[in-house]
Amino acid sequence: MTTSTSITHSRRFSPRQRREWAWAAFFIAPSLIGFAAFVLFPVISSLGLSTLRWNLISPPNFVGIQNYAQILHDPFFWRVTGNTAYYTAGTVPLGVALSLALALALKRHLPGRIFLRTAYFMPVVSSTVAVALVWRWIYNTDFGLLNVVLHWLGIPPVGWLTTTTWAMPAVILMSVWKNLGYSMVIFLAGLQAIPRTYYDAASVDGASGWQQFWRITLPLLSPTTFFVAVMSVISSFQVFGQIYMMTGGGPAYATATIVFHIYQQAFESFRMGYASAMAWVLFAVIFIFTLLQMRYQRKWVYYD
Amino acid sequence: MKRCLIALLIVAGLLAACGKPVEETPTLEVPPGTTVLQWGVWGGASNIPIFKQLIAMFEAQHPDVRVQLISVADYMNYVTKLETLVAGGSAPDVIMISPGVGTDFTLMGALADLNPYMEADPDVSPDDFIPIVLKTLSYEGQQYALPKDFGVDVLYYNKNAFDAAGLDHPDDTWTWDTLLSAAKTLTVRDDSGRVVQWGWTDSALNMWPWIWQNGGTVFDDPFNPTHVTLCDPPAMEAVEFYYSLSLEHSVAPNVAELQQTPFRELFMAGRVAMIYDTFGSQIPFSKITAFEWDVAPLAQGKQRATPLATAGYAMSTSTAHPDEAWELIKFLSGPEAVAVVAGAGGGMPARVDMLNAPDILIRPAFRESIAYARPHMVAPHFLEMMALYRANLPIMAMGVKSVPDTLNEMCDQVEGILQQ
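Each protein sequence line maps, in turn, to chains A and B.
280 is the number that my numbering gives to position 279 of the first sequence; each next residue is one higher, with no gaps.
1196 is the number that my numbering gives to position 257 of the second sequence; each next residue is one higher, with no gaps.
Just so you know, the hints here were simulated from the structure itself, not pulled from any lab data.
Worth double-checking, as some hints may not be accurate.
Between beta-carbon pairs, the in silico distance windows are [unchecked claim]:
| no. | chain 1 | residue 1 | chain 2 | residue 2 | range |
| --- | --- | --- | --- | --- | --- |
| 1 | A | 213 | B | 1201 | 51 to 57 Å |
| 2 | B | 1201 | A | 149 | 21 to 27 Å |
| 3 | B | 947 | A | 35 | 18 to 24 Å |
| 4 | B | 1225 | A | 94 | 25 to 31 Å |
| 5 | B | 1008 | A | 94 | 39 to 45 Å |
| 6 | A | 146 | B | 1172 | 46 to 52 Å |
| 7 | A | 63 | B | 1166 | 41 to 47 Å |
Just so it is clear, the structure is predicted and the values come from calculations on it, not from any experiment.
Glycine residues also receive a C-beta, built at the ideal position from the N, C-alpha and C atoms.
Could you build all of it, start to finish, from the sequences and the hints given here?
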C-alpha cells in the first residue's frame, strides 16, 4: 500500500481531509461505541472484579490476588481443565480433518453440491440451545435415535449421556457435527485459491491424486489450515452452551469445562470475583496457546 | 449526497433498534391518595390466578391500597431478580421468600423483623402458627416472614405395582430394611436385563431425611451452625446407605439416568414403584390415570425424621409503606388467604386452627409426619452450599469417588463457606 502523496507536507489537514476523517469517524462510531460499551468496559471491569470478593448483594471487599491463589487449590478447577483439554483434543483434529475432507469432496462439480454445502452449514447457524436439545433426545439411552440405530446393528444400548465414559465423546461428536460447516466453507475458499495450473502440470508429470494432495493441496492450503486450527482451538477452550444444555456438566462433572465452571461459580455460587479471576486465567491460557501456535507456524505454514 | 443518505440510514437503524425498553411491570394507574404496594412472588401460570384472587380479596377490604404483582416463573431466576432489586434499593414491599434465601437476606438487613408488628397488633399472635414452621422462617430471634404454607416429604407408592408383586402396602412400621427388601422385589427387569420398573427413587440430592433418621446432622445446630457435622459417622453411614440403593443394590436409577428422565416423570409413567417426594407433587400426580397411588410416612431409621419445606411473606426494610405492607402480610397469612392457598393443594396450612379444621383434606401420612419434620435450608449461605451439594453429590452417586472421600472434601468446603 502506498501512502497518499498529499500528506508529504507537515501542515494541518486540509478541510477536505478533515471532512473525510469526520465521515470515517461517523461510520465507525456505532461499532466502536458498541465495542467499548459491551466488550472493552466489561473486560476491564472484570479485571478489577477479579481482585474483589463479591456475591452481588453484600458490598464487595478487596482481596488482591487471593482469588487467583485459590484457583490453584480448587480441585474442581483442575478437573475442568482436564475436561477442556480432552474436549479440545477430541474436537480440533477431528473437526479440521473432517471439514477438509468435506471441502475436497464438495469442491468438484457434483450434482446437488450447493444443497449439500448449505446442509452442512445449517447446523453452524442454528441455535446452540436448540441443537443441544435435539441431540439430547438423539442420545437418550432408552428412546434415542442413536441407540435405535445401534439396536438394528445388533449393538446393545449405550448410555451416551448417562455414563462418565461416553458423556464427553458424545459432546465432542455433537460439537464436531455442529461446526463442520464453518471450517468447510473456509477450506473451500482456500482450495479455490489454489491455481489449477499446478494440478495440470502435476497430471502431465504423472502425479497420482494422492501425491497431488500431499504435495500441492496441503502445502498451499496451510495458511487456511493454520487459521482454522487456531480458531478451532480458541473456540473449543470456550465451549459452554452444549455442556449446559445437554449434560449440565455431568454426569458427576465428567463434561464440565472451564467456562461452565466459571458460570457455576458466578451464577449458582455467587462468587463473582472468583469467577472473574478464572476467566482471566482462561484468557492467559488461550493467549499463550495462540502465541505458541503462531510461533510454530513458521515450521509448517507456507506463504507464497 | 450518497454519504448523507447512508448516514441517515444508519442513524435511523440505530434509533429503531433502541426503541422503548420492554416494561416487565407496567405502572398502575391509580387515583391520587392510593398506596401502591409491590408484591414479589415466584410461580408459573398455575399460581398467578391464586395470587390475583388474593389481591382482589385484599383490595376489597382495603380500598385505599392497590397491590401490584411482580412474578418470576422460575425460582432461581426469582432469587437472582430479588438480589438485583435489593442491591438497587428497590425491592418489592412484600416479598415471598423461602428459608434458604431468607436467612441471607436477613443477615444483610434486607428484611424487616415482624415481631414488633405482631406484638402491636391484637389480631395476630405467634401462637396462631405451627411452631416449627414459624421457627424455620426466623433467624436469630428475628421473625423475617409469616408462613404461606408448608409441606413435608412422604413416601408415594404405586398401589398396582405392590399388588402385582404381592406385597403389603407401606405403612408407618417400615424401616430402612423393609424399604430395601420391598424395593428389591419391586425392581422388575425384562429379558434383556433392562429395568422396566425401578423399586424406589428420589431426586438423588435429598440426603437429609437419611442423615437425620440415622441420628446424624449436617450442622451442630441447624439454626445457628458453628461447625459441620456431615462427616461424623452417623451422617456418613446414612449417605453411604442412601447411594448404595442405586450403586450396590440397583433398586434405584443413578443420577445421570435421573437427569434424562426426572424422578417424578418416572413415577407418573409407572416406571418406579416408590418415591420420596414433597406435598406439592400431589397436584401433578392427581392427573395419573394409569394406576392408583397413595402415600405413607417415610421409612424410619434409628428415629423418624422428614424434611420440612415452607415459604412465607416478608417485608422489605426499604419499603415506603410499612403499615400497609404489614396489613398485606397479616392478610396473606390469615385464615381467609391461607384457606384459598391450601385449597389449591400446593401445601398444608401453617395455621394451627386451620390444620385441624375438618374441611381441609390432608392425607393422614402427612399429618403424622408433621410431628418429626425438620427444616434443612435454614443455614446462612445455603444457596452457595446447595450449589456445592449439586456439584459433589453426583460424584458420590455415580460411584466415581467413594462416599468418605467426597464427603470429607465437601465438609472442608462447607466449613469454608460457613466461616465466611
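Which hint numbers does the structure go against, in order from smallest to largest?
4, 5 and 7
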